[in-house]
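Protein chains: 2
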Amino acid sequence: MSQLNIPDTNNPRVVIVGGGFGGINLAKHLKHLPVQVVLLDRNNYHLFQPLLYQVSTAGLEPDSIAFPLRGIFRKQKNLEFRMAEVTGVRPQDNILETGIGELHYDYLVFATGSNTNFFGNKTIEANAIGMKSLIEAVQIRNYVVKQFEESLLLTDPELIKPKLNFVMVGGGPTGVELAGAFAELRKYILPKDYPSIPQNLMNVYLIEAGPRLLASFSDQTSEKTVKALEELGVRVMLSTGVKEYDGEVVTLSNGEQIKTQSLLWSAGVKGVPVTGIAPDVTLPNGRILVNEFNQVKGFENIYAIGDIAQMTNDSRFPKGYPMVAQVAIQQGVNLAANIKNELQKKPLKAFHYKDLGSMATIGRNRAVAEFAGIKLSGFPAWVVWMIVHLMSLLGFRNKLVVFINWFYRYFTFERGTRIIIKRGAANIVKLRQTIVS
Amino acid sequence: MSQLNIPDTNNPRVVIVGGGFGGINLAKHLKHLPVQVVLLDRNNYHLFQPLLYQVSTAGLEPDSIAFPLRGIFRKQKNLEFRMAEVTGVRPQDNILETGIGELHYDYLVFATGSNTNFFGNKTIEANAIGMKSLIEAVQIRNYVVKQFEESLLLTDPELIKPKLNFVMVGGGPTGVELAGAFAELRKYILPKDYPSIPQNLMNVYLIEAGPRLLASFSDQTSEKTVKALEELGVRVMLSTGVKEYDGEVVTLSNGEQIKTQSLLWSAGVKGVPVTGIAPDVTLPNGRILVNEFNQVKGFENIYAIGDIAQMTNDSRFPKGYPMVAQVAIQQGVNLAANIKNELQKKPLKAFHYKDLGSMATIGRNRAVAEFAGIKLSGFPAWVVWMIVHLMSLLGFRNKLVVFINWFYRYFTFERGTRIIIKRGAANIVKLRQTIVS
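If you're matching them up, the sequences are chains A and B in order.
Read the first sequence against the working numbering and you will find it ends at 438, with the numbers running on by one and no gaps.
Read the second sequence against the working numbering and you will find it ends at 438, with the numbers running on by one and no gaps.
It is possible that some hints are incorrect.
In this list, chains with the same sequence are indistinguishable; a pair is considered to hold if it fits within one copy or across any two.
To be verified - Below 30 angstroms or equal to it, Euclidean Cα-Cα: the simulated DSS-like pairs (lysine-lysine) are: (1) LYS320 to LYS355; (2) LYS29 to LYS193; (3) LYS76 to LYS193; (4) LYS162 to LYS76; (5) LYS347 to LYS29; (6) LYS162 to LYS78; (7) LYS193 to LYS400; (8) LYS133 to LYS346; (9) LYS188 to LYS78; (10) LYS244 to LYS355; (11) LYS193 to LYS78; (12) LYS123 to LYS244; (13) LYS400 to LYS188.
Because the hints were derived from the structure by calculation, they are not lab data.
All of these numbers come straight from a predicted model, not from anything done at the bench.
Please build the complete structure, drawing on both the sequences and the hints.
Written out as C-alpha cells, the structure reads:
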C-alpha cells in the first residue's frame, strides 16, 4: 500500500480517527504540544449530532449542524486533516492502514463513535430507519414529506394510515425529541399544508421497552415527559418491546400490531467496529475495552475515547460510561493531558467523569433538564436547552442560522425546509461520486 | 390510467405544469378568479435559479434558495398542488396524463422551463457538468470540495492540475458568475484551507464562443466584466469554441488543450420537451411555438409560458424572447389577465415584454448592471444586485438566511457550507427513494 502524503516533522505523531466530539476536543487540546496531529474522518465535517433530529423533521438545514473540519482547525498549525476511511492497523509496526494510504503513528486514538444498534433483530434492521448520519437525516426528511404528498393521492383511510403513522422506538432523548417533533408536524403543519387530510389519520407512537422514558433522568422528570408528549398527541407505550417489523406492520411484545411504513429506531447504539484491533478487546456491543487512561487493553500507544470506548473504572457505571457527547468531550480533554504527561514522562491521570446534567426537548416551550441537583421542565427548561445547544454549536454562522430557524419557527409555527431534494438528473453520474475511499 | 384525486369544483380548471417563475406568477394572479388552479411540479419546491451558482460554489445552503410550493400557496384557497411528472396530453379529450393519474383540464399551461443545451455534442454531454437543478448544484459542491481533498493526496503537480483546473463554458451571466465564484474560492479559500497546495496549480477558465462576454449587455459592460474577471485571476478566452471533452482534456476550437476534470457547461439552454404535443409545434431548440397570447399553435386552451415558449411578436427578438426569469414572470401575469378575459368573453391582450434590465455579479464588491438606460459596475452594481436578489427571494426566512450567509462571507472571507454530504449509509435503501413517479 502506498504511503499517505503527510509532511514529516520531527515531533511524535498523534493520529486521531474520527472528528466527532471526542476527536475534535482531543485535537484542540493538543494545539500547543510538540506533536504532529493527524485527524482522519470519512467526512470532511464535524456533525453536531444532538440536533440531527431537527434536520429529519424539517426544522433545520443540514448545513447548519455540520461544520467543515478544515474550518475548525484552520489556525492549528500542528494539525493535518485528511478525509479517509480506516481499513486496518498493524500495531507491531505502528502503522495505520487507510483507503488513501498507510500512515506511521506514535500515538493512535480511535474516536470512531457509534452506530445504530438493532440488537440482532434482522427484520427490524432490514426495514427500520436509523438516524446517525447527516445523509440519513436528510433522507428521512425527504421520505416524510413524500409520505404526506403520496397520502393526498389516496382516498381510502386504511391506505393512508400506514403512510402517516410514525413509530419511534426507544424512549431515550432521541426518541423523545423525535416523537415531539413529529407530533408538532401533525399539530401545526398537517392542517395547514394538507388541509384535506383528516388529522386523526396521522398518529405518532413512542415505544419503550423499559418501564419509563428518559431512564437516566429522575422518576419525576420521566413522568412529566410522558405527560407533555401525551398532551402533544403522542401515544406513549411503556414496558413494550418490538418483536418484528416487515416494513408495513410492526408487531409489539404484547401482540398488538400497528400499520406503519415508518419505524424510526433509536433504541440503542453500538460501537463502530475497528479492523486490526485484536478481537478479544472488542466487546459484543462493538465497544473497545480501555483502562482508566483510555489505553486499549494490551497496548500502550493505542487509545479509544468516547462512544467506542468502554471504561469501567466508575462504580456508578458498571457497564461503562453512557454513550453521550459529554463523556467523549471529557475523555478527549483528559487524553490530551495524558499525552502531555507521556511526553514529559509524568504519571498518567485516570479519567473521572463529571456529569454536567442532561436535557431533552419535547417541543415548543417544552423541555426537561436536570443538572447540579436542579430539575427543570416546561418553558424554563426549553430556554436552557436552547441556550446550551446554541452555545455548543461551532461557528458564528451556524449559530446564527440555527437561531433564525428556531426563531422563525417559534413565531410563525412554520418549518422552512420541507423540501425534497431528489437524486436523479442524468448528468450527475459523471460527478464521480465515489469519494476518496 | 387512474383518475387523479383532486376535489371537483364547479369552476373551470386551470392546470399549470411547472412551479418556476412563470408558473408561480401565473398561479398567484389567478387567486381571485372563479377558477380551480391545479399546480403540478416534479419537485415540491420553487427553485430560485439565479442563485444556484452560489450553492455549487459553497456560498449558500441549498435549502435557502428552495421554497416549498405548499408554503407559497397556503392561503390560496382555489389552488391544489400535486407533485407529479407529466407523461402525456390528450388534447381531443382535454386530459393531461401524469405519473400519478389522469386529470381533466379546461385550460392547460406548460411552464416547464429549460434544461442544459449541449447542442448535440455527445462527448461534451457525456462528460461536462450542467447546472440547472438543486441536486446538480449540491453535487457540484460535493465534487469541488472532493477535488481539493484528493489533490492533497498527490505530490506530482501534473496530476494535481487537472483536479484544480475549473473550466466554465459560456460567457452569459451564469458562466460569468460561476467563474467569479471559483476565482474567489481560489483567492480566499484555497490558501487558508489547503496551504500546502501552491495557488498556481488551480486555474479558472471562462470560454466563450462569441466575441464578448454578457452579449446582452453593452460593449462597455462586457469589457468591464472581462477586466474584473481577469483581475480576480480568471483566464478569459473569447471567440473560442469547445470541440471535445473526454472528461480529462478539453480541446478548444483553436486546437489548444486544457487538462481538467471539471468542465461546467452553461453555454446554452433548451426547452424541456413535452410529450403529447404535436411535434410540428416543437422547435429544434425544444421550445413550443406560441402566438402573442401564449397559445400553443393549433390550440385555444393550451398555453406555454417562459423558457419553454417561443413567441416571435417582437422585432427586437426575432428568435423569441430570451430565456430569463423576467420574461416568464411577465408572461405568467399576462396569461392570468387573458384567462380572466376568456372567462368574461373579452378580447385577449397580446404580450409585450418590458425589459427591466439585467445584472450579473462577478465577485465580492464587483457586479455589472444595466437598467433604464443606466450602466452600473463595481460596488454600486454589487449592492443593487444584492438588494434585487434578496427582494426577489420568497419568504422571510430564506431572505434572512441568504443575507446572513452573504454578510458572513463578506466580513470573514469565509464560505460556511463546504461540506460533502455523501450518499451511502446502509439503511437508506429502505427509504423507498423512488418518489411518486
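Okay, the hints, checked on the actual structure:
1. LYS320 to LYS355: This pair counts as within: shortest intra-copy Cα distance 17 angstroms, inter-copy 73 angstroms.
2. LYS29 to LYS193: For LYS29 and LYS193, only the inter-copy Cα distance (18 angstroms) is at most 30 angstroms; the intra-copy one is 46 angstroms.
3. LYS76 to LYS193: For LYS76 and LYS193, only the inter-copy Cα distance (9 angstroms) is at most 30 angstroms; the intra-copy one is 47 angstroms.
4. LYS162 to LYS76: Close across copies (26 angstroms), not inside one copy (53 angstroms); limit 30 angstroms.
5. LYS347 to LYS29: Within one copy only: 21 angstroms inside a chain, 73 angstroms across chains, cut-off 30 angstroms.
6. LYS162 to LYS78: Cα proximity of LYS162 and LYS78: across copies only (25 angstroms, versus 56 angstroms in one copy).
7. LYS193 to LYS400: Both: 29 angstroms inside a copy, 22 angstroms across copies.
8. LYS133 to LYS346: Neither: 39 angstroms inside a copy, 60 angstroms across copies.
9. LYS188 to LYS78: Cα proximity of LYS188 and LYS78: across copies only (20 angstroms, versus 50 angstroms in one copy).
10. LYS244 to LYS355: neither (37 angstroms within a copy, 66 angstroms between copies)
11. LYS193 to LYS78: between (52 angstroms within a copy, 11 angstroms between copies)
12. LYS123 to LYS244: within (10 angstroms within a copy, 54 angstroms between copies)
13. LYS400 to LYS188: Both: 27 angstroms inside a copy, 26 angstroms across copies.
Of the numbered hints given earlier, the model fails hints 8, 10; all others are met.
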